[in-house]
Amino acid sequence: MDIEKANAEATERMMEARPVLVGLAKAREVIPGMRDNLLLHAGPPITWKRASGPMRGAITGALIFEGKAKNEAEAQALVESGEIELEPCHHHQAVGPMAGLIAPSMSVYIIENKTHGNRSFSNLNEGYGKVLRYGAYSEDVLERLRWMEEVMAPLLADAIEASGGVDVRALLAEALHMGDEGHNRNKAGSLIYTKSLAPHIAKVAKSPDVAAEVIRFLGDNALSVLNPVMAACKAMADAAHGIEGSTIVSVMARNGTDFGIRVSGLGDRWFTGPAGIPKGLWFPGFTEEDASPDLGDSTITETAGIGGFAMAAAPAIVTFVSGTPKDALNATLEMYEITYAEHKYFTIPPLDFRGTPTGIDIRKVVEKGITPRVNTGVAHKEAGVGQVGAGLVRPPMSIFQEALVAFAEEYGI
Amino acid sequence: MAVTKVEVRSGAYYDSVVLMQLQRSLAALPGVLDAGVVMGTDANKDVLAQSDLLTPEAQAAGADDLVIVVRAEDEAVAQSALDQVDELIAARRRGGVEEEYFPKSLESAAEMMPDARWVLISVAGRYAAGVARDALRLDKHVFLYSDNVSLEDEISLKQTAAEKGLLVMGPDCGTAIVNGVGLGFANGVRRGPIGVVAAAGTGLQQVTSRIHQLGSGITCGLGTGGRDLSEEVGAVTIRQGLDLLSRDPETKVIVLVSKPPAPKVAEEVLRAARRAGKPVVVEFIGYSAPARQLDNLHFAATLDEAAELAVQLAASPPAAEPAADLNLERFAPGQRYLRGLFSGGTLAYEAQLILKGYLPGVYSNAPLDKSYRLANSLVSQAHTIVDLGEDEFTVGRLHPMMDNDLRIRRLYQEADDPEVAVVMLDVVLGYGAHPDPASELAPAIAKARAQAEEAGRYLEVAVVVTGTDEDPQDLNAQIQQLKDAGAWVETSNEAMVRYVGRLVRALDQAANPPPAETMKPVDLDVLHQPLAAINVGLESFTESLKAQGAPVIQVDWRPPAGGDEKLMAILERMKKK
Numbered sequence: 001m002d003i004e005k006a007n008a009e010a011t012e013r014m015m016e017a018r019p020v021l022v023g024l025a026k027a028r029e030v031i032p033g034m035r036d037n038l039l040l041h042a043g044p045p046i047t048w049k050r051a052s053g054p055m056r057g058a059i060t061g062a063l064i065f066e067g068k069a070k071n072e073a074e075a076q077a078l079v080e081s082g083e084i085e086l087e088p089c090h091h092h093q094a095v096g097p098m099a100g101l102i103a104p105s106m107s108v109y110i111i112e113n114k115t116h117g118n119r120s121f122s123n124l125n126e127g128y129g130k131v132l133r134y135g136a137y138s139e140d141v142l143e144r145l146r147w148m149e150e151v152m153a154p155l156l157a158d159a160i161e162a163s164g165g166v167d168v169r170a171l172l173a174e175a176l177h178m179g180d181e182g183h184n185r186n187k188a189g190s191l192i193y194t195k196s197l198a199p200h201i202a203k204v205a206k207s208p209d210v211a212a213e214v215i216r217f218l219g220d221n222a223l224s225v226l227n228p229v230m231a232a233c234k235a236m237a238d239a240a241h242g243i244e245g246s247t248i249v250s251v252m253a254r255n256g257t258d259f260g261i262r263v264s265g266l267g268d269r270w271f272t273g274p275a276g277i278p279k280g281l282w283f284p285g286f287t288e289e290d291a292s293p294d295l296g297d298s299t300i301t302e303t304a305g306i307g308g309f310a311m312a313a314a315p316a317i318v319t320f321v322s323g324t325p326k327d328a329l330n331a332t333l334e335m336y337e338i339t340y341a342e343h344k345y346f347t348i349p350p351l352d353f354r355g356t357p358t359g360i361d362i363r364k365v366v367e368k369g370i371t372p373r374v375n376t377g378v379a380h381k382e383a384g385v386g387q388v389g390a391g392l393v394r395p396p397m398s399i400f401q402e403a404l405v406a407f408a409e410e411y412g413i
Numbered sequence: 001m002a003v004t005k006v007e008v009r010s011g012a013y014y015d016s017v018v019l020m021q022l023q024r025s026l027a028a029l030p031g032v033l034d035a036g037v038v039m040g041t042d043a044n045k046d047v048l049a050q051s052d053l054l055t056p057e058a059q060a061a062g063a064d065d066l067v068i069v070v071r072a073e074d075e076a077v078a079q080s081a082l083d084q085v086d087e088l089i090a091a092r093r094r095g096g097v098e099e100e101y102f103p104k105s106l107e108s109a110a111e112m113m114p115d116a117r118w119v120l121i122s123v124a125g126r127y128a129a130g131v132a133r134d135a136l137r138l139d140k141h142v143f144l145y146s147d148n149v150s151l152e153d154e155i156s157l158k159q160t161a162a163e164k165g166l167l168v169m170g171p172d173c174g175t176a177i178v179n180g181v182g183l184g185f186a187n188g189v190r191r192g193p194i195g196v197v198a199a200a201g202t203g204l205q206q207v208t209s210r211i212h213q214l215g216s217g218i219t220c221g222l223g224t225g226g227r228d229l230s231e232e233v234g235a236v237t238i239r240q241g242l243d244l245l246s247r248d249p250e251t252k253v254i255v256l257v258s259k260p261p262a263p264k265v266a267e268e269v270l271r272a273a274r275r276a277g278k279p280v281v282v283e284f285i286g287y288s289a290p291a292r293q294l295d296n297l298h299f300a301a302t303l304d305e306a307a308e309l310a311v312q313l314a315a316s317p318p319a320a321e322p323a324a325d326l327n328l329e330r331f332a333p334g335q336r337y338l339r340g341l342f343s344g345g346t347l348a349y350e351a352q353l354i355l356k357g358y359l360p361g362v363y364s365n366a367p368l369d370k371s372y373r374l375a376n377s378l379v380s381q382a383h384t385i386v387d388l389g390e391d392e393f394t395v396g397r398l399h400p401m402m403d404n405d406l407r408i409r410r411l412y413q414e415a416d417d418p419e420v421a422v423v424m425l426d427v428v429l430g431y432g433a434h435p436d437p438a439s440e441l442a443p444a445i446a447k448a449r450a451q452a453e454e455a456g457r458y459l460e461v462a463v464v465v466t467g468t469d470e471d472p473q474d475l476n477a478q479i480q481q482l483k484d485a486g487a488w489v490e491t492s493n494e495a496m497v498r499y500v501g502r503l504v505r506a507l508d509q510a511a512n513p514p515p516a517e518t519m520k521p522v523d524l525d526v527l528h529q530p531l532a533a534i535n536v537g538l539e540s541f542t543e544s545l546k547a548q549g550a551p552v553i554q555v556d557w558r559p560p561a562g563g564d565e566k567l568m569a570i571l572e573r574m575k576k577k
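Heads up: the sequence lines are chains U and E, in that order.
Oh and the first sequence: position 343 is 343 in my numbering, straight run, nothing missing.
Oh and the second sequence: position 148 is 148 in my numbering, straight run, nothing missing.
Please keep in mind that the hints were generated in silico from the structure rather than gathered at the bench.
Hints may be right or wrong, so weigh each one.
[What the hints assert, rightly or not] Restraint-style ranges between C-beta atoms, simulated for each label pair:
id : chain 1 : residue 1 : chain 2 : residue 2 : range
1  : E       : G31       : U       : E288      : 18 to 28 Å
2  : E       : G125      : U       : I277      : 33 to 43 Å
3  : U       : E139      : E       : E565      : 57 to 67 Å
4  : U       : G33       : E       : Q84       : 54 to 64 Å
Where is the CB? At the ideal position from N, CA and C, for every residue including glycine.
One chain only, chain E, in its complex shape:
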């Protein structure tokens, strides 16, 4: 038998929604059949009447009275329900856990945290490029953890970023450390004088960890994503990173880490690294470096060695190499090529190897790379090194170590070429060689130089003399004769080639200054302003930034237009309009 019980509380005002909530809680109690909680207005009494809840007590209530009616299975249940009213109202007042607002889009997050300069993206690959584009539109740097981003998207994102002076680290970039804060996966590395740019995530972690273990530290560790050094992408982010670190006064040494880049890109990156104006440790894992050191470039063979080298260089910076002693003004405009006329095959080969660090390519009749084979061994082109000891030259004549005739004729030929700036020669002494090669070569060198001078040019002739003072020709006498003829003489092939390499590279740069950079420089502030970020994707990244004390805002991200391709395409076109 159902029982209806009423409680009327005079002068207790509650907003109607609070009352409706209370009523819902009462009705949900076990054994309660229906409940009504209203202020006793006439309209509300009508409502109670409709549900058969309008008892005489309720009917008597006034507009300022709170009326609580419960219909239950029996008296006890009804009374117990009424007894719980205060508890239920109090429970409501205490409320639940307050939930923070998570913005639903990058745009709103950016409005909520205008200082955030970075956007971390780790959503599914097919949406990642779209989010990254939105981030660039908002002038934010991007840490793009997502993989499966198409190459076309990577190219266009990085191009847009470069035009705006923004960084896109990634796609597939697992780690970075910016202003002391690790993004993605990163180690706790102390601050110090070394800046790292890496196209290899664990490579960056290994190098920065070793730097820390060796007692030094980093200014920052920038990631680029593994495809950055492909020919298609063209190392945009690596070059931006190099440029940024070369301008950063706190970075004393730069470390460059990557898997072996595309050859053309390697050349461009190394050229950029040479312009850094500070030591750059290069670790292209598995790359055969032309030398351990080329000017400011230091090549490491392993990640560990890269870290050690960087720490050493930061501790005792090498003196800057003077460029002034090259006396470039001696040369006439247009003089820029080197010609090497070697009698020794190994010396010619080593010269080409060393020059790889200075020049994009050297032609030869015995080239390192087939694409640089001379079309005609008798005619030099651009930078050329000829091994005159090759069979093609020795058919029917003596080897050039014994017969200087062919070399001298070729020397005059090269001296006549207005584009030639330097001629390299080797003079090999010893038993069995020509008894006095300088006696023939020195006058020829003097004549060739005079010939050039008459034509208004300066011809540098560099000579390496291989021999000892116990040789029958007497090393010192040979050197003296050659120097008297105006030659630059060394006894180390490497020393001669490096001198020539520097000289020719400097002439080349003077003639062809590097093209004006189309990239807008990235503002140095990015390395020094406290890092604040917007995270789109993996919540663990937000947690780790919070743990590092960096302000971060998590976006409650959903695929645009619910992932509907047609609508997404329309929206993207509208953004471009």
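For reference, chain U alone in the conformation it holds in the complex:
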């Protein structure tokens, strides 16, 4: 077994994957293994008992949306009885930000990796404020979800089809040159995304009012593109998964209780540890006291070499890393220490167009004592409140150490 060769292959596949947004359809129709009594969620597997406030809130909201429950108590009963099952998005080629809830009747983006043929999925972004992904399920939240499902989704599906597909890798490469890092800052990417689809929306819409409404919704939401970007990162990371002898991380995800990783050469096994509380900046009236432990599949962006790893490209949000644009450069420079490759297509202008740090190598993480840095939003710890801030978090070192020991056992090292 040659670890170097395996890692070179894994990262090469990750970078050569070309994820294209090809369509939009109901989860029940397109996600492999999706069924009527199944909810997908972010992170490694979780039970109701261990689930955090925002995760429980999102589950409740999803079940209300599906017409299966009326309140949290009913949702809890359904889940605990086993009538409704919970499985990670990652077990179904899918990803979702924060709670990451995907219910059978929700529409999902379909990403196809044109290089290797694998597909991936993600739900639609609801915008800022009180939203399901942060565990909020008040009537206005459900109202918005229904509008998205009934009005926006069919139109987007037609527009995407009419556009012939959106090349998300190319979109990301461009957005990184416009001040995005692809995880916490998606302003440029969302505008490019809106721009790409707007003419097609205008063309396929039944009425100009609906077209305007949908275009405004996409354009006003600086996170519109986050979900297709995450699905694209999932397609890239999946292409790098399952390479015999590779120590490259192919999944990082959090469920609000545990932070979990998977490693390319170690199959579908999760290595999990406690999710941390992000260090960051708080919305008015909130403090660290209010924060839920780290949540969401959005760490798939760092797994694929953007997000916190591309911090140097996003000087506008340097406050997350404590201060100056130089700190943003240092944040990215630090990530080169633990990655195997430099991205061929994602480059960083202030670093003289050096490729982003790509392919987290568990050997380097453990040896150097440096865990991946993750830029993230922060949910309130109670169900129903929503986002309270944003900041920086790192996974626990123990999960990389466990993975390294497991790798040594698996391969007889």
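Fit chain E to the known structure of chain U by using the hints.
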């Protein structure tokens, strides 16, 4: 009574993180209870409402308006907070001190400074070998200041380095000067024609400083660490340094400084030094040198003397010793040993001492070192010097100074030995000695030489004659007789022994060329390319390199895997896979 005050700024756009930072600064002001700084979007107004900060003015703000809300203990505090907004934004913009990025590993440092050929290591001993191994993997030379590195690690590191043509100076190497730049502790020594290799840190500093004070200078000063000359390590770095300096055209004289090496290693090092092709001043502190000078080797007794000798030799280089006059082709293959048949005990003893500088060992019935005692005094083995004046030979017969019979028989015996190339004899004249020793010895020498010639060999017979022209035997007449018989005659024992030593050593080298060096030569560039380095450990080393104008990068080093032995072991095994 808490007061809430609002300021709305139209058309002032700031990124949300800047605003959150401002809000945090406002909330931290004394007397301020809460603060909200947002763009006036509907979602943000909801956020303000949740914290009870949504006043009617804020409610009226539009999405392009900056809304600043402060709730404070009283009016004055709230107003003062709002007055500080511009100052706080400006303070943020000026930013803090920008911090340079320090790479966290050797690997990243090497990527950041690919020209760095040297890695300085001064981390705790138990981690130092691991860092050094990483440096060698990256094809870097190592200056290993750390001590408490195990002997096994030193051996394996130096072996790896030698195979790759790299230097490992240390462990426990305190000083070196490479291309004018001091590493670790080093003095400001001018450039010049002298190259120094030292297994002793302050020894290197003393010698190089004295060279400077005496008006000369150095090409470089290489350190090796104190254990390099132990038998286990085998002087790998010293030998590499010697080889490097012998190939360096700018180095005219080499100085070798060490505490006394293991005897076997001393022999190997001196053999390597003799091949340097230029003068080598040897200062093995406390080592009893066989002579002040042996060919190109000059032995000094003190560090100061080593410096003086080196400066003198560099100023007036001695003429190279011709090797051609030895006429090695006269000898048949296989002829390589010397046999000394002495009548004088002191002369035999001195001959052995002088030969130490030329040959690994000489057997004798009265040896310098017991392990070279002849098993049987009547039978020579390899190189042999016999003192025929010892009691064992004089029982029942006259001393060989008076009776040549025993020596002549032994001479024929040696001449018959196909492996013998040279026989040494002493002829001691004077009152009480044989009245005309040459009259017996000269014909015997001629006969022995003829005997060898018949057998297809050449036998050199070297003779020292001790006496004066006022002796009853007449020195000059004796010498003439011996020369006529074909002998090489000297009147100085040392001169005869040195001639024989050179001759036999040359025969030995011709018969046994030195084994092909398994070490890959170190590239000469290392001495001449501008020094650039990566420093792992003591930051003062980085500072001192910077002060000397050498590019350097400091690694923000931490123990691998947090010092966890099990994980470290796995990682090391993975590197070998």
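Is 57 to 67 Å a correct range for the gap between the Cβ atoms of E139/U and E565/E? This hint holds: roughly 58 Å between Cβ atoms.
Quick one: are G33/U and Q84/E within 54 to 64 Å, going by C-beta? holds (57 Å)
So does G31/E sit 18 to 28 Å from E288/U, Cβ to Cβ? holds (22 Å)
Assuming the hint says 33 to 43 Å, is it satisfied by the Cβ distance from G125/E to I277/U or not? holds (39 Å)
The structure agrees with every numbered hint stated previously.
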